[in-house]
Amino acid sequence: MIGLDYNTLVVAGASALLGTAGGLAGTLMLLRKRALMGDALGHATLPGIAVAYLASLALGGSGKEVWALMLGAGAGGLAGVVGVAAIRRIARVSEDTAMAIVLGSFFGLGAALLTVIQASPQGNQAGLSTFVTGHAASMVRSDLDLAMAVALVCILVVLALSKELRLLCFDEPFAKAIGRSTKCLDALVLLVVTGVVIAGLQAVGLILILALLVIPAATARLLTDRFGAMLVIAAALGAASGIGGTIASSLGPSLPTGPCIVVVAAAIFAAALLVAPRNGLIARAAGGRL
Amino acid sequence: MTSWTWAVDGWIVAISALCAVACAVPGAFLVVRRNAMLADAVSHAVLPGIALGFLVSGTRDPLWMFLGAALAGVVVAVGSGALARLGRIDPGAAMGITFTTMFAIGLIVIVQVADKVDLDPSCVLYGAVELAPLDTVSLMGASIPRAAVVLGSVCAANILVAILLWKEILVTAFDPALAGTLGMRPKWIEGIVLGMAAATCVAAFESVGSILVVAMMIIPAASARLFSDRLGGVVACAMATGIVAAFAGHWLASSVAPMVVAGGRDASTAGSVAASLGAIFVACLMVAPRRGILRRGVDRARLALRIAREDALGLLWRLDEDGRRVGVRELRDLLIGGAQTRPWIARIAVRALSHDGLVEGGSSAGRRDAIALSDRGRREGAALVRSHRLWELYLTRKLALAPDHVHDTAMKLEHVTDAAMRERLVREGEIDLSRQREASDPHGRRIPDDAP
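So the protein lines, in turn, are chains A and B. Start counting the first sequence at 1; every next residue gets the next number (my numbering). Start counting the second sequence at 1; every next residue gets the next number (my numbering).
Worth flagging that the hints you see were computed from the coordinates, not collected in a lab. Do not rely on the hints blindly, as some may be mistaken.
Straight-line distance between alpha carbons at most 30 Å, and here's what the computed DSBU-like set of lysine-lysine pairs gives [what the hints assert, rightly or not]:
1) Lys163/A / Lys176/A
2) Lys398/B / Lys412/B
3) Lys33/A / Lys187/B
4) Lys33/A / Lys183/A
5) Lys176/A / Lys412/B
6) Lys187/B / Lys167/B
Isolated chain A (complex conformation):
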């Protein structure tokens, strides 16, 4: 029997909300052909977290103020995004190279700072390394609130700007031509993604957060060709993965929740890849379109 105690409910609720937000934000990133930006952003949060910890200590805090660490993570992630854009523009390299440069150097800096913190006398490390691979079981009410806020923002942004975002995703030149600021829209989308990454640090960690941004969106893409439907399906699948993963992890004695959520999402993707009505492998093989 699944133990539906308070803690499990908190974890399941936060994971579901996170999945919803990841599905919505991920759909926009996937259609903008920047699916891997979430990865660069996620890895870039690590030095931000380490610096926030050091700053908190220097200012007389305990280094465990979660809001400060989250703020640092957000600043690190945004610095990474700005870095990718700047490198692309100045060095004229492709986006994937810029992302790999930011990802490698930021994560390296974070790892170096983390080892220094770990070895310092005060440094019981404040559980900083749990942000790398996530530790959903330690989520508390405030994490649920954060996930709820991020999910709400995602839903509001998508509802309020659906027309503009649709244009941005499918016909950027036209969006520009009719006077929409595609730069502002892109920046807004990246801000939302940063929010999702921060909210996901506790649950799945900065490496696996990419899965929540990519897998539900890619699954939805297999199931529909319509923008609105894709958003709804991706959000629903994200939520389902969150709840499914939490349930799956409670089935075994030591199944980590974050990875379970990812595996459930991947299983749904694999199923959709096979049986999706028009784009699935079976349907395409039957129609001779493989």
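Following the hints, complete the assembly by docking chain B onto the known chain A.
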């Protein structure tokens, strides 16, 4: 703070440098092929690969870990490509799905077996190059760290493959279609280089860690790309960059980091090397010969200076035409106000005029004294004003622009118009050559002659 000993620190630097050299060939290829994130995907596959190796063998034998990681690396490299084709999804997304799923499975397996064997994810992620010199094997009588032997072999193998298949790799990197028509089998070559990348990632995870190998592979190549357009140059520069970063990174980690954080110990060498690589890339971005920030700043300032200098000459010539004279300060203010020149550029431009002997008077002694064009200055000023007025005439006559709409355009074009172009404008503008002296621009101003 630990003191630097070559027997230990030398090996640490050497191992990191070997890793950098081994990464150079596949790294340069991935950067040129715009497939840099594949290094990230493959390196994330190492963790599940190791877990797989343990599941199959039940031991922590390095050979099994190696085999598992290599298999997982190939699965990611080949699998994400196949998924993108089969599922018709974005290649980046396919990569993201494949490696996050494998990483998640790897984490689950590691937690499951945690009580039987100590597989620390952070060790796989960040590596432990600091401990590498302790794990030695004896080779030809000398005891050499195992990591150095492993990375040295991979390094030699990569360089050997690069030498044997250089032409094929070169053509495939820049133009796969051409490689195909030349019968070079670009798919195979790409597969071989991706295999090289996977093998290098796997060999490097023990020492520099699976995530940081991304930095080793991509950043030196991207930095080198700023300096060279030739694949050979990129590979060579990338090797040098990687070696410098290996040295700088370890020095920072072992000598500087402990001083920064009170009572701290050494920082992770691998992390510091990756961070140093980032800093080196930023430095390269500053000083790169053609695309560098400094170079572009200098070019822009030079262009602005030339334009300001020419604007000043034209201004003085027109004032002269009206029989007016101005001083240095007034000229500067006219440039700043009228031609929208930045103040510091205007200051240098005005000074350059007297330095180049284009004006007389107005020396630093008498700033309010009126300055006058020298003969050479008058000739150059006349040529500029001639270009300007010819363009105005051409634009009104041939492009039917209103006379009050042509000044700004002519203002830009006068700076890129030489004598041959002015000849052409006279002909195209159907200006009567015999009555050229009386020719005037749309505003009734006489068009000055070209100096003989």
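These are the hints, each one checked on the structure:
A threshold of 30 Å between alpha carbons decides the hint, and for lysine 163/A with lysine 176/A the separation of about 13 Å falls inside it, so the pair holds. Between lysine 398/B and lysine 412/B the CA atoms are separated by roughly 18 Å; this keeps the pair inside 30 Å, and the hint holds. Note on lysine 33/A and lysine 187/B: the hinted pairing holds, with a Cα-Cα distance of about 24 Å set against a maximum of 30 Å. For a cut-off of 30 Å, the pair hint linking lysine 33/A to lysine 183/A stands: about 15 Å separates their Cα positions.
With a C-alpha separation of about 28 Å, the suggested pairing of lysine 176/A with lysine 412/B holds against the 30 Å cut-off. At most 30 Å may separate the alpha-carbon atoms for a hinted pair to count; lysine 187/B and lysine 167/B meet this at roughly 15 Å.
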